[in-house]
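J.: Listed here are the chains, written in short residue letters.
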Amino acid sequence: MKTLINLESIRTAGLGLVDRRRLGEVSSVGVAERSVMICGGTGCASSDAMQIVDAFIQEVSSQGIEDKVEIVRTGCFGLCELGPVVIIYPDEVFYSRVSLEDVAEIVEEHLLKGQFVERLVYQQSMENGVIKPLHDVDFFRKQKRIALRNCGTIDPEEINEYIAVSGYQALHKVLTKMQPADVVREVREAGLRGRGGGGFPTGIKWETAAKQQNAHKYVICNADEGDPGAFMDRSILEGDPHSVLEGMALAGYAIGADHGFIYLRAEYPIAVKRVQIAIKQAREYGLLGEDLFGSGFSFDVSIRLGAGAFVCGEETALMNSIEGRRGMPNPKPPFPAVSGLWGKPTVINNVETLANVPIILLQGADWYAGIGTEKSKGTKVFALGGKVVNTGLVEVPMGITLRDVIYEIGGGIPGGKAFKAVQTGGPSGGCLTSEHLDRQIDYDTLLSLGSMMGSGGMLVMDEETCMVDVARYYLDFTRDESCGKCAPCRIGTKRLLEILDKITEGKGTLQDLDKLEELSEQIKAASLCGLGQTAPNPVLSTLKYFRDEYIAHVIDKKCPSGVCRSLLTYYIEAEKCRGCGLCARKCPSNAITGKLKEPYVIDLQACIKCGICFESCKFTAIYKS
Amino acid sequence: MEDTCCCQGEQSNERLDKVKEVIEQFRMLQGALIPVLHEIQDIFGYLPEEALRIVSSELDMPMAEIYGVATFYSFFSLEPKGEHVIRVCMGTACYIKGAQAVLDRLSQELNIPVQGTTPDGKFTLDATRCLGACGLAPVMTIGEKVFGRLTPKEIPKILKQMRTPVEAH
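If you read the protein sequences in the order shown, they are chains A and B.
Residue numbering for the first sequence follows my numbering, beginning at 1 and increasing consecutively.
Residue numbering for the second sequence follows my numbering, beginning at 1 and increasing consecutively.
Calculated from the structure, these hints are not laboratory results.
Every value quoted in this text rests on a predicted model; they were computed, and no experiment measured them.
Don't take each hint at face value.
Claimed, not checked - Within a straight-line C-alpha distance of at most 30 Å, the following computed DSSO-like cross-link-like pairs (lysine-lysine) qualify:
id, chain 1, residue 1, chain 2, residue 2
1, A, K558, A, K586
2, B, K157, A, K618
3, A, K609, B, K153
4, A, K273, B, K81
Generate coordinates for the entire structure from the input sequences, incorporating the hints supplied.
T.: Right, here's the structure in full:
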């Protein structure tokens, strides 16, 4: 078992080294040496990042500089678009889209000669041929990393690195100096609200569970991130699993629980592996298990794998799944904090919420409450995606505007296209328009605009996105993921989808728009759980802000964005067609005919609108309308 | 990954023995069914009926309840999968960047519907929820390999590569 003295010595030994790797915190320790940080998040790992780690280790050792250079496989840096990403400290040089073949060159030029490999340097970090410090790059400048504080800075598979960044210090402080009630008060005063989407005050949830008289209580970490387009929970578990374990132990102490479960998606193999390693290491160090720090408090954590059911993100459904049943929700009350897993008081918190807990207890409620807006404290991690230049993971203080996130951090819309909408909150959220770009992001503002924070997906859409199709897409998702227990959700989402299908096929009527609204309101009011209660949000918000697009589909039978296939027609422009015949050869339905070197023609009756001709034409002679 | 076919005979018996081992390992765990199903799917690549029968008798649980759970979760499959499982991400980021066109193209090239397996057992086509690699959208995976920033145009070439037998290592 490790004592505080052990922790301190591990921390001081690693301190200078890890500080050097933090954005904007260049330490004077060991400046002649270098740290090569390679992102090992899912995005980068899927494009050979792991092989790049091995290649660096091999290359550095064959050059005989392994004692000068540390190679660290880290969690997500955020800029997934540019993966695989390699950052070299203390120079703060950001290499993007590094391939295996580039490794030798980076080692030779940068590590041996101190010259940057300019062609691989992330363009936005260069100004007039000079490399800017990374924290001055637009993508990072307006961010504030609290939940992601260690992602991209430490090796997630090495507990000593977490300890080096003050890991498990909060647990020590709390177990030796604070009463459970003090912990609850601190979290309540910090103003932390649930980051899974609902925004319920964490301290109040803990307080309710702490008040229950029961020999057994549980803490559950909800890592069943199923929102399409959201991956912050996965990235935190991959990049900094110990902070979540520490947060769980702190919650356990606060409410009097001795066991915790991490309910994690089986579809996230890297996260599963890293959490397993973290639990094993924490047990070996005595930071999980019996009698932590000799305080008499015992707490252990086990993993339960989800199996691909979106509804399991709903807390009562999740508990049913841990108990070995279908993941279907129960009516509330009783709330889990009163009667949860196996009937015991249970606190369920999302990954990001728990990752915030250790640093709140270490730095204090006042520090945390000083960040954000009046009613939404702290920061929020967003998975920024869709039609935006810098896609990736960003963490911003509450109260920042959508414009700052999309244009300053996200770099705007690629290809000179116009911004159309931003979707927040995944299938539970709604679409906002350019009118809302200057509104600040917090729980209450987003709700008042008809969207929500949700788990933090932020999808940017440009003029080529059809909003009716987007609504249809989300309804297809929720209809598919509805567990079927309650009729408003099971039948209602199906009917909503049918109407949306009808509209995108050009068969809709104006009455259908009224039906959509009426049905949506009923589903929201009558569904059992959050899935059904929020499923109509994408429909309602698109109807509110993009009614003209619905009207164009219904009245004019046109899809203004050119997405809805039934409403599209492909033509060949005779003047541009060189008669190469490629389209006719590719066409799967033999709908294109013509003679070589003469303009070809599409038979609109036979055309199945697959768009293969459109993609294959080398002379942009085919257009759709 | 070469063991994904539904072999009969000795190999199959060995695997059924493994099922018993797995059940022993989890027997004392509260809510053991889902972890047991995960392990069985790891062994066979899907959930074969005979393995589920063992679970039913060993854990003293009706088959109806086991099927109820197995069919509820999309991660579990009652059918054997093809040699290569192609999963096209249909997360929002991928969808608005054209994943549907990629999926359609695959379905067309392989001549199977989504969730179908080719008659030669070579490919299974699945649409999947967010793979969490939104920066690379649109994305698909074939086995462990990830293909990012896809266009439908690339599909025939990728399938051709997968069809070409790789020399044994």
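J.: All hints, please: hold or fail.
T.: Okay, the hints, checked on the actual structure:
1. K558(A) - K586(A): 27 Å, holds
2. K157(B) - K618(A): 18 Å, holds
3. K609(A) - K153(B): With a Cα-Cα distance of about 15 Å, the restraint between K609(A) and K153(B) holds, given a limit of 30 Å.
4. K273(A) - K81(B): 24 Å, holds
Against the hints set out earlier in the document, no violation occurs for any number.
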